[in-house]
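Residue numbers (my numbering), protein chains in the order written: chain U, 10 to 296; chain D, 307 to 586.
Fair warning: there could be bad hints in the mix.
Under the rule of at most 25 Å between Cα atoms (straight-line distance), these lysine-lysine pairs were calculated in the PhoX-like manner [unchecked claim]:
no.: 1; chain 1: U; residue 1: K255; chain 2: U; residue 2: K223
no.: 2; chain 1: D; residue 1: K512; chain 2: D; residue 2: K485
no.: 3; chain 1: U; residue 1: K111; chain 2: D; residue 2: K464
no.: 4; chain 1: U; residue 1: K153; chain 2: D; residue 2: K436
no.: 5; chain 1: D; residue 1: K456; chain 2: U; residue 2: K153
no.: 6; chain 1: D; residue 1: K464; chain 2: D; residue 2: K358
no.: 7; chain 1: D; residue 1: K456; chain 2: D; residue 2: K512
no.: 8; chain 1: U; residue 1: K111; chain 2: D; residue 2: K368
FYI, nobody ran anything at the bench for these hints, they're computed from the structure.
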Amino acid sequence: MKEILFISGKGGTGKTSLTASFIHLAGNCIACDYDVDASNLPILLKPENVLTCAFSAGYGARIDGESCVSCGLCAVNCRFEAISPDFQVIPLACEGCGFCAKVCPVQAISMHPRSSGHWFQGRFAEGQTMFYADLRPGEENSGKLVAQVKTAARKTAAIDQCSLIIADGPPGIGCAVISSMVEVDLVVLVTEPSRSGFHDLERVYQLMQLRGIKGIVIINKYDLNPVIGREIEDWAAENGIALAGKIPFSTLIAESIAEAQIPAVHPEIREMLFPVWENIKEQLRLV
Amino acid sequence: MQIAVASGKGGTGKTLLATCLAKVLTNQQLVLVDADVEEPNAALAFSQPVRKTITVTRLVPKIDPDKCTFCGICGEVCQFNALVTLQDRVLVFNELCHSCGACVFFCPLTSISETDHPIGVIEETGLSEKATLITGRLVMGEAQSPPLIKAAKSLQAKAEVRIIDCPPGTTCAMIEAVKGSDYCLLVTEPTPFGMHDLELSLEAVKMLGIPGGLIINRWQAEDNELAVLSLKSGFPILARIPFSLELAQAYMQGQEPLQTMPELREIITDIYHQVEETLS
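Sequences are here, hints too, so could you generate the full structure?
The structure is reproduced here in structure tokens:
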């Protein structure tokens, strides 16, 4: 079983449009969306959910007002300013460390699993499986939810003898991205030819290197800035990163997204993306 | 006044809006905080040298092997599995540690102290006589950005106008960045992705109880769905920045967007006036 992850560092470079397109071109694969707090792949793949699982990232403190003697030990020791002056827990600030519960002299504080979101298994197209999640706003530990989605996908892939997982990754370089990279065979770096696109690409590439993962680059909207496009190509060559393809700015792709359609369903886009997909597959064979 | 510039979806134009606000508001003492510490980009809009760099750390436990009896209490106390006691040593996983300090407090032998673990840097850049840019930059491989965001926001707290360029999404990092602001500008684009992520970020901003308004970027013609969402949420549409391939191209090439699209200056000034009016 092999896993391909699409990431970009910067948001809005076209990760999801391209991931959905390559999932469409690949056919027999399991699809995953690791962007658990703003999941967009399901908008294009339109899965029908067959399984919903609750996700708890950790614990939250609760103070029993009747037993509380207002001694203030909890508030003094809490480093997250999660206890208000009238001894109420502020849920958004509480990290669930449990220090308060242990330090309370009258056992007025208890810890409870917090509901942090859900993850889903769905079916799309002709019986393909996808996994995605929905982290509640403000929740932490998105990395843990990514890990759960990944575990579920890998398990299903093993049972169904599916040889390929294609995943849409989150933006940034933080916990969700780090978690997304676990056990990945090839990262497809989707970038755009702007200073910020290039800057973010370099950062996310450094993170991959720390983890020893191979990558391949797609320069999206290439024609909007051929100068930086060229710089990115040179940078990729210097670092021994293969170029999967250069994709021009396309109103056809924009129109597909506006209609919530997978861009590669359109024959013209399919034709344009097909060689890029062949390059990605070839690179995957090499790792 | 502190204005957060946020969006659920990445790449909708948060940084464009935040940096243009900083360029347009020249009469006030202003600080722009780039709180997208995973991928900070605001500095790229100004070609100014960094004048000061500060290292930001958070506390992690340090075990004194001479005092430790490997009793295992620290590991039991830790909710994050950051401490694992073996027969002859204690392993500390800094990246899992939340710096709560419980292990130090409950160690029966005072064999745990705390040490600084670097998580990133804050760069200070002078933009003009009155304006400063504060950039948070997360160390590669560090999973926890909120402490760095908090540290970056704590600087120059008294500036007349503070603009916070927030990270995308709706996780704890976005909350940390938006928290404490007087107003939140939510930047969106008129696509199904933009709509979906806007709904999530509206929920997050409402949780914080902060008033806000919507900026539709790359606006083309129809925005009925966004208008309905605006009405339902009570977040007015403050501005529509028209789609312009020329602007996209110029922005990517590092040209000044306020020059490429002169009407942008008016749009940005108007957004600021509307925020001022709402808050007065």
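- Going straight from one Cα to the other, do U:K111 and D:K464 come out at no more than 25 Å? Violated, because 38 Å separates the two Cα atoms, which is more than 25 Å.
- Query: Going straight from one Cα to the other, do D:K512 and D:K485 come out at no more than 25 Å?
  - Reply: Since the Cα atoms of D:K512 and D:K485 sit roughly 11 Å apart, the hinted pair holds (cutoff 25 Å).
- Message: With the threshold set at 25 Å, check whether the alpha-carbon distance from U:K153 to D:K436 stays at or below it.
- Response: 43 Å, violated
- Mind checking the alpha carbons of D:K456 and D:K512 for me, to see if they're no more than 25 Å apart? This hinted pair holds, its Cα atoms lying about 20 Å apart.
- Message: Need the status of pair U:K255, U:K223: alpha-carbon distance at most 25 Å?
- Response: Roughly 19 Å between the alpha carbons, so the hint for U:K255 and U:K223 holds.
- Query: Has the given pair, D:K456 with U:K153, been kept, meaning a C-alpha gap of at most 25 Å?
  - Reply: 23 Å, holds
- Query: D:K464 and D:K358: Cα distance at most 25 Å?
  - Reply: 19 Å, holds
- Quick one, are U:K111 and D:K368 close enough, alpha carbons at most 25 Å? With Cα atoms ~21 Å apart, U:K111 and D:K368 stay inside 25 Å; holds.
Figure legend: structure checked against the earlier numbered hints; hints not met, in rising order: 3, 4.
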